[in-house]
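Top line first, the protein sequences correspond to chains R and G. So the first sequence is numbered by the numbering used here: it starts at 817 and just counts up by one. So the second sequence is numbered by the numbering used here: it starts at 817 and just counts up by one.
Honestly, the hints are just simulated from the structure, not real lab data. Treat the hints loosely; a few may be bogus.
The list treats identical chains as interchangeable, and a pair is accepted whether it falls inside one copy or across any two copies.
Within a straight-line C-alpha distance of at most 25 Å, the following computed DMTMM-like cross-link-like pairs (lysine to aspartate or glutamate) qualify [as the list claims (entries may be wrong)]: (1) K928 <-> E1002; (2) K928 <-> D914; (3) K930 <-> E1007; (4) K835 <-> D986; (5) K821 <-> D914; (6) K821 <-> E987; (7) K1015 <-> E906; (8) K1011 <-> E972; (9) K1006 <-> E972; (10) K1015 <-> E971; (11) K1015 <-> E946; (12) K928 <-> E1007; (13) K821 <-> D993; (14) K1006 <-> D980.
Protein chains: 2
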Amino acid sequence: MENEKGLLLVLSGPSGVGKGTVCSALRNRESNIVYSVSATTRAPRAGEVDGVNYFFKSREKFQQMIAQDQLLEWAEYVNNYYGTPREYVESQIEQGNDVILEIEVQGAMQVKEKFPHGVFIFLSPPSMEELKNRIVGRGTETDDSITNRMTVATEEIDMMEHYDYVVVNDEVELACDRIQAIVLAEHCKKERKIKQYRKLLKEVK
Amino acid sequence: MENEKGLLLVLSGPSGVGKGTVCSALRNRESNIVYSVSATTRAPRAGEVDGVNYFFKSREKFQQMIAQDQLLEWAEYVNNYYGTPREYVESQIEQGNDVILEIEVQGAMQVKEKFPHGVFIFLSPPSMEELKNRIVGRGTETDDSITNRMTVATEEIDMMEHYDYVVVNDEVELACDRIQAIVLAEHCKKERKIKQYRKLLKEVK
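Make a model of the complete structure from these sequences and hints.
Shown next as structure tokens:
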């Protein structure tokens, strides 16, 4: 169907949950998903290509991009800036391509402010069983340790609230299946389809 | 994950769109979807088994079911009642099974009143191209004919408004892929998952 806009997919979740691994596995699958390229001020490493691995920018240029609202989200780690250029993402979506951003939760919340209609996917730790085991441990944990784990788990779950979907990363391939199903289902959402049909009727008239 | 309730899936759409064919193809696939069994007052045909093809009921019994709100939807065609028994559907959902109802649009709207949280899937005619061709025809149509087709198309599209998803039935197998993706995606919805996580946290506490 022509003129259908692409989806903005945001894959996020607690650090260490396996966002990068899932995203890499997804890249190896047949799909039309486009992967967003981040901008950074850090120096290119051997073999890294500008516009492929990153858009490499000077500090001045990056700060200018921030000032001109050219980034969907950004953060500073260890004296280097990292961010998602808005232009690349928006042009891909306009062309009808689904774009995925794999980012930290703070970045995801920045994107949500700018793109509330994006599809926000929270990658969550392996399983409920695993979560319970991690909290309760093997019965050898101190009360303090259990309290601490409960706090972390509760914070993670409270973050879910801001997302549309929760994908459990029990197995990488299963997590990919779920993400692909979400993409396909989102394309079938009534709101998207009815717009296309109404447009067609107008054209015919 | 234990204690997760099943989904109520309602597959509907204009008559002749291929609901039955898509539903049969879906049955041949590996999935945990349970198919709702309708109740009817018509006589069993050769080979039809009570509780499998239909729940066969007398007129009196059927009217009693209507009066006691034991049907999610019902209608009368050619002097026979047809309907969806509520009890079977609800018990399957409670057991965690996804149940699919393949019904006419009028029935789907009745179900929506009783089960607003069901997943309503509108099966739509083959493709946008096909729809346009059907309306405009081969350039040999009268203005009246085109107006009539426009009215039908507009009515169909207005019906979509009440559904969650629109699945184009361009190819039966593709339509099945989309429905299965919707089922998987619905299970990943934040609202469902967060409830389970919060429940687990409460249990641990």
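Evaluation of the provided hints:
1. K928 <-> E1002: both (17 Å within a copy, 21 Å between copies)
2. K928 <-> D914: Intra 16 Å, inter 32 Å, cutoff 25 Å: intra-copy only.
3. K930 <-> E1007: both (20 Å within a copy, 23 Å between copies)
4. K835 <-> D986: within (12 Å within a copy, 35 Å between copies)
5. K821 <-> D914: within (8 Å within a copy, 31 Å between copies)
6. K821 <-> E987: So K821 and E987 pass the 25 Å test across copies only (22 Å; inside, 31 Å).
7. K1015 <-> E906: For K1015 and E906, the Cα distance is within 25 Å only inside one copy (22 Å; across copies 39 Å).
8. K1011 <-> E972: Between copies only: 13 Å across, 36 Å inside.
9. K1006 <-> E972: between (31 Å within a copy, 13 Å between copies)
10. K1015 <-> E971: Close across copies (15 Å), not inside one copy (44 Å); limit 25 Å.
11. K1015 <-> E946: between (48 Å within a copy, 15 Å between copies)
12. K928 <-> E1007: both (19 Å within a copy, 18 Å between copies)
13. K821 <-> D993: Classified as both: same-chain Cα gap 22 Å, cross-chain 21 Å, threshold 25 Å.
14. K1006 <-> D980: This pair counts as both: shortest intra-copy Cα distance 16 Å, inter-copy 5 Å.
Checked against the numbered hints above, the structure violates none of them.
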